[in-house]
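Each chain, letter by letter, is given below.
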Amino acid sequence: MNRVLLAFLITLMTISLSAQDDLMDLLNDSKKEETIFTAATFKSTRIMNGHSIERMPSGQLDFRISHRFGRLNSGAYELFGLDQSNIHFSLEYGITDWLMVGVGRGSYEKTYDGFIKLSAMRQSSGLKNMPVSVSFFSSMAVETVKWSDPERTNYFSSRLSYSSQLLIARKINQAFSIQVSPSYVHRNLVPTELDPNDLWAIGAGGRIKLTKRISLNAEYFYLLNANNEYMSQPVFNPLSVGFDIETGGHVFQLIFTNSLSMIEKGFIGETTGQWTHGDIHFGFNISRVFTLTNRSRHSEAK
Amino acid sequence: MKRLIGLSLLTMLTFSVSAQRYMTKNGFISFFSHTPMEDIKAENNQVAGVIDTSNGEMVFQVLIKSFHFERALMEEHFNENYMESDKYPKAIFKGKITDLKSVDFEKNAEYEVVVEGDISIHDVTKKIAVKGTIEVVTGGLKANTKFIIAPEDFNIKIPAVVRENIAKTVEVTVVMKFDPV
Numbered sequence: 305m306n307r308v309l310l311a312f313l314i315t316l317m318t319i320s321l322s323a324q325d326d327l328m329d330l331l332n333d334s335k336k337e338e339t340i341f342t343a344a345t346f347k348s349t350r351i352m353n354g355h356s357i358e359r360m361p362s363g364q365l366d367f368r369i370s371h372r373f374g375r376l377n378s379g380a381y382e383l384f385g386l387d388q389s390n391i392h393f394s395l396e397y398g399i400t401d402w403l404m405v406g407v408g409r410g411s412y413e414k415t416y417d418g419f420i421k422l423s424a425m426r427q428s429s430g431l432k433n434m435p436v437s438v439s440f441f442s443s444m445a446v447e448t449v450k451w452s453d454p455e456r457t458n459y460f461s462s463r464l465s466y467s468s469q470l471l472i473a474r475k476i477n478q479a480f481s482i483q484v485s486p487s488y489v490h491r492n493l494v495p496t497e498l499d500p501n502d503l504w505a506i507g508a509g510g511r512i513k514l515t516k517r518i519s520l521n522a523e524y525f526y527l528l529n530a531n532n533e534y535m536s537q538p539v540f541n542p543l544s545v546g547f548d549i550e551t552g553g554h555v556f557q558l559i560f561t562n563s564l565s566m567i568e569k570g571f572i573g574e575t576t577g578q579w580t581h582g583d584i585h586f587g588f589n590i591s592r593v594f595t596l597t598n599r600s601r602h603s604e605a606k
Numbered sequence: 017m018k019r020l021i022g023l024s025l026l027t028m029l030t031f032s033v034s035a036q037r038y039m040t041k042n043g044f045i046s047f048f049s050h051t052p053m054e055d056i057k058a059e060n061n062q063v064a065g066v067i068d069t070s071n072g073e074m075v076f077q078v079l080i081k082s083f084h085f086e087r088a089l090m091e092e093h094f095n096e097n098y099m100e101s102d103k104y105p106k107a108i109f110k111g112k113i114t115d116l117k118s119v120d121f122e123k124n125a126e127y128e129v130v131v132e133g134d135i136s137i138h139d140v141t142k143k144i145a146v147k148g149t150i151e152v153v154t155g156g157l158k159a160n161t162k163f164i165i166a167p168e169d170f171n172i173k174i175p176a177v178v179r180e181n182i183a184k185t186v187e188v189t190v191v192m193k194f195d196p197v
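These protein sequence lines map, in sequence, to chains A and B.
The first sequence begins at 305 in the numbering used here and counts up by one.
The second sequence begins at 17 in the numbering used here and counts up by one.
Keep in mind that the hints are not guaranteed to be accurate.
[Said to hold, decoys possible] Calculated cross-link-like contacts (lysine to any residue; reagent style SDA-like; alpha-carbon spacing at most 20 Å):
1. B/LYS41 x B/GLU151
2. B/LYS173 x A/LEU514
3. B/LYS184 x B/LYS110
4. A/LYS513 x B/GLU96
[Claimed, not checked] Computed footprint of chain A on chain B; a stretch qualifies when at least three of its residues, placed anywhere within it, have a C-beta under 8 Å from a C-beta of chain A:
5. 69-75
6. 92-102
7. 177-189
By construction, these hints were calculated from the structure, which means they are not laboratory data.
Even glycine gets a Cβ: it sits at the ideal position worked out from N, Cα and C.
Hey, can you work out the whole structure from these sequences and the hints?
Below you can see the structure in the form of structure tokens.
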């Protein structure tokens with residue numbers, strides 16, 4: 305009898321003591337594990353010049369205006385490059401949460417460009433564990449400067465170039481993200497026979513958040529098959545360093561880079577400046593996001 | 017024999033306790049921020065909650081990442097910049113109906129109640145008392161409330177550039193429908 309009484313008392317005590325913790329346990333037990341997708345690996349769809357794995361979610365339009373000024377080493381007469389300005393603007397739209405498209409125009413070689421970017425895999429934890437996010441990027445560019453030699457037979461296809469990139473990124477923690485971008489550029493027409501039509505490069509980039517809204521970014525492309533000993537114009541590996549500054553619907557990217565062009569074909573294949581010589585261009589990207597269609601409320605819950 | 021009676025009593029006790037619990041995993045919480053510049057609204061349909069009618073205690077658990085906004089960018093900023101939901105993934109409320117006697121859980125009707133407890137958001141815990149209603153329906157309970165909280169109280173800093181767009185206080189709406197456990 306005593307034993308039963310004791311057991312009874314203990315049970316009573318347990319119930320009264322842990323009522324709320326008990327309720328909490330009840331909730332935790334019933335909660336099924338979910339897949340949590342990593343968000344905001346980068347603040348913008350560009351790390352600096354090159355694309356990041358980020359894409360516009362469905363129904364969001366990104367209007368981007370970018371400038372690269374002249375070379376810092378052009379001196380005070382040119383106000384360290386600020387007298388010259390090279391512009392690129394683009395409209396970029398998320399068709400679905402995994403597919404975005406964009407069109408743009410750059411003053412560099414009066415180039416029109418268009419791209420698609422597919423988000424193939426997203427970094428996640430929980431039920432489904434995925435260590436990296438993977439996107440595929442492909443673009444086409446048409447330069448429209450007047451033919452240098454109008455006398456010869458010129459083909460429209462000579463103006464075209466194509467770029468493809470596999471973007472692989474990991475958000476290591478809240479502050480630090482890295483990306484590797486194997487890249488391929490094909491130019492239909494090159495100046496001489498010795499210049500390669502196909503260029504291969506490995507890109508690497510990353511960001512470190514300094515505050516919640518400011519991050520330090522850097523990006524580098526290593527050209528695998530550009531040999532300056534025989535190419536008509538020596539080219540160098542592009543290196544870009546700068547800051548992302550986020551203010552609500554805008555992201556400002558301040559950038560120092562040795563490339564003038566703001567599209568893949570240009571900054572991967574045609575970077576003629578060298579950091580060591582002071583051929584550095586200051587520039588900025590401004591991104592303004594507009595919501596064109598509101599998302600259906602349950603789209604994420606599916 | 018006595019032992020047997022004791023055991024069966026215990027079993028009955030345990031049974032009666034569990035039968036007085038009502039739970040849901042898809043309760044609804046939304047919040048609304050109004051400024052002359054902009055209205056911001058977010059909704060969460062995956063709120064977990066449990067009520068024990070024997071003592072009026074209740075616990076709510078809210079995954080911050082389950083709040084969805086009309087604009088994807090807002091949702092990203094909400095999680096990344098304001099709530100830091102990777103660090104603090106959940107908001108929790110633990111509380112108690114203060115005037116439990118005024119609710120007759122046997123009789124289908126709507127009762128006005130005051131619930132007091134601790135609310136934890138963004139790693140800050142505050143005492144809170146809210147007025148709400150509990151409606152006893154056949155085979156369940158419904159709970160509704162609306163209250164105001166200030167992001168500042170929970171150490172959520174709003175930078176100067178967006179201070180015009182985000183209200184100092186936001187209205188929180190809770191709509192829950194509980195089923196017996």
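- Is the Cα-Cα distance between B/LYS41 and B/GLU151 20 Å or less? Holds, at roughly 18 Å.
- Message: How does the region 177-189 of chain B fare against chain A when you require at least three residues with a CB closer than 8 Å, holds or violated?
- Response: holds (count 3)
- Query: Quick check: the region 92-102 of chain B, covered by chain A? Criterion 3+ residues, Cβ under 8 Å.
  - Reply: Coverage by chain A holds for the region 92-102 of chain B (7 residues, Cβ < 8 Å).
- Query: How about the region 69-75 of chain B: do at least three of its residues have a C-beta closer than 8 Å to a C-beta of chain A?
  - Reply: holds (count 4)
- Does A/LYS513 pair with B/GLU96 here, judged by a C-alpha cut-off of 20 Å? The hint holds at about 11 Å.
- Is B/LYS173 within 20 Å of A/LEU514, Cα to Cα? holds, 16 Å
- For the pair supplied as a hint, B/LYS184 and B/LYS110, confirm whether the alpha-carbon distance does not exceed 20 Å. violated, 25 Å
Going down the numbered hints, you'll see the structure goes against just number 3.
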